[in-house]
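Undergrad: Residue strings, one per chain:
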Amino acid sequence: MAAGTVLSRLRLALWGLVAVAAFAAGALFLGNLQEAARQGSSLPGAARFGGDFQLVDHNGQAFSSEALKGKPHALFFGFTHCPDICPTTLFEMTKHLEELGSKADALKIFFVTVDPARDTPEHLKKYLSAFDERITGLTGTPDQVAKAVKAYRVFAEKVPTGDGDYTMNHTATVYLFDAKGTLASTLSWQEDEKTRLAKLKRLADRG
Amino acid sequence: MTNRLLAVLAVLVACVATNMPDQVRAGEKAAGIKIEKPWTRVTPPGAKVAAGFMTITNTGNEADRLVSGSVALAKTVEIHEMSMKDGIMRMNEVDAGLEIAPGATVVLKPGGYHLMFMGLTAEPQEGQPVKGKLKFEKAGEVAVEFAVAPLGAKSIGGGDKMTGSHEKDGMDHGNHHMNHGK
Numbered sequence: 001m002a003a004g005t006v007l008s009r010l011r012l013a014l015w016g017l018v019a020v021a022a023f024a025a026g027a028l029f030l031g032n033l034q035e036a037a038r039q040g041s042s043l044p045g046a047a048r049f050g051g052d053f054q055l056v057d058h059n060g061q062a063f064s065s066e067a068l069k070g071k072p073h074a075l076f077f078g079f080t081h082c083p084d085i086c087p088t089t090l091f092e093m094t095k096h097l098e099e100l101g102s103k104a105d106a107l108k109i110f111f112v113t114v115d116p117a118r119d120t121p122e123h124l125k126k127y128l129s130a131f132d133e134r135i136t137g138l139t140g141t142p143d144q145v146a147k148a149v150k151a152y153r154v155f156a157e158k159v160p161t162g163d164g165d166y167t168m169n170h171t172a173t174v175y176l177f178d179a180k181g182t183l184a185s186t187l188s189w190q191e192d193e194k195t196r197l198a199k200l201k202r203l204a205d206r207g
Numbered sequence: 208m209t210n211r212l213l214a215v216l217a218v219l220v221a222c223v224a225t226n227m228p229d230q231v232r233a234g235e236k237a238a239g240i241k242i243e244k245p246w247t248r249v250t251p252p253g254a255k256v257a258a259g260f261m262t263i264t265n266t267g268n269e270a271d272r273l274v275s276g277s278v279a280l281a282k283t284v285e286i287h288e289m290s291m292k293d294g295i296m297r298m299n300e301v302d303a304g305l306e307i308a309p310g311a312t313v314v315l316k317p318g319g320y321h322l323m324f325m326g327l328t329a330e331p332q333e334g335q336p337v338k339g340k341l342k343f344e345k346a347g348e349v350a351v352e353f354a355v356a357p358l359g360a361k362s363i364g365g366g367d368k369m370t371g372s373h374e375k376d377g378m379d380h381g382n383h384h385m386n387h388g389k
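So the sequence lines, in the order shown, correspond to chains P and V.
For the first sequence, this note's numbering assigns the number 1 to the initial residue and increments by one for each residue that follows.
For the second sequence, this note's numbering assigns the number 208 to the initial residue and increments by one for each residue that follows.
Honestly, the hints are just simulated from the structure, not real lab data.
Keep in mind the model is a prediction, meaning the values are calculated, not measured.
Please note: incorrect hints may appear among the correct ones.
Stated by the list, open to error - Using 30 Å as the maximum straight-line C-alpha spacing, the simulated DSS-like pairs for lysine-lysine come out as follows:
1. P/K158 x V/K340
2. P/K71 x P/K150
3. P/K201 x V/K292
4. P/K180 x P/K103
5. P/K201 x V/K361
6. P/K201 x P/K126
7. V/K255 x P/K95
8. V/K282 x P/K158
9. P/K125 x P/K201
10. P/K147 x P/K126
11. V/K316 x P/K158
12. P/K126 x V/K345
13. P/K147 x P/K71
14. V/K361 x P/K158
Start from the sequences and build out the full structure, keeping to the hints where you can.
TA: Have a look at this one:
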């Protein structure tokens, strides 16, 4: 009887140890994940985003995705006939670049139009003159733009408006790529400014 | 004594009101549309579109509908709703107009409902209010003046506390109350 009690106590204690070990292992695993996230490891599926493209910058110069290699960069898609999210994103980006100060010099920022028919290099240049000069506008032929849109897995569609004109529905996410060209993080217009700024800072630090 | 007198008066007024011809009563109450803080913002150079925002309250007892509008510096105005889902920004024209239920307040703001000013003929300038007109199904035409906020503004001025004291900034010029029949 006494031996049985001792045994069952021992069993209980052992199970307790198992629970502690499991908890510790779980915590370590989670900690590693969080640490990885803090270090800015690439996101799951990151390799699927981005790719080679040939476009034209807002100065009318050919711009190849080769130029992105070795430089951390942010890239987002939009168009200038956009009343809200595009100018807001450009405005917020301008503010963040200012806040980052010289750190921002390490970053390249690209605004790629999904509306090449209306967004010529000249028009992009004029439009972007209201924002930070480190933001480069990219456009191209419809085919060139379509290729970039596809490479970045961006959604873009024309929506006719009442007056025979059109507007665009499009992915509004800002993609952050590290110097190796791997998707490191994203910015959303809906998250708070501090989070966005911290992500950009991390990208600049990480290189 | 005075209180009793007032109570009697109130009852009398109520009686008169309820005995008024139906049409007049319905007209007066249904057409109550209050528009607060109409605003737009500075656009980047060369922009062809801008957005207009405001708060609309239906103070009447019948649903009304914002059906169209016009502004001095754009060829056309459409009522749009922006939505974000899975990172995709979508813009939809509110074809049937924007319904405002009796007693309800609808806020047109960045990221949601807005007036889309299309085909800009001039760029909005800070401190220079933009004249416009809104057309409601029941309340008819309402004149408004859009205050112009800086580029990238998410709201006009200091939020909801804006009152007459800021009039000189052109921030509060656009408040209009309308409460008349069709």
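Undergrad: Hints broken by the structure, by number, lowest first?
TA: Those not satisfied come down to hint 12.
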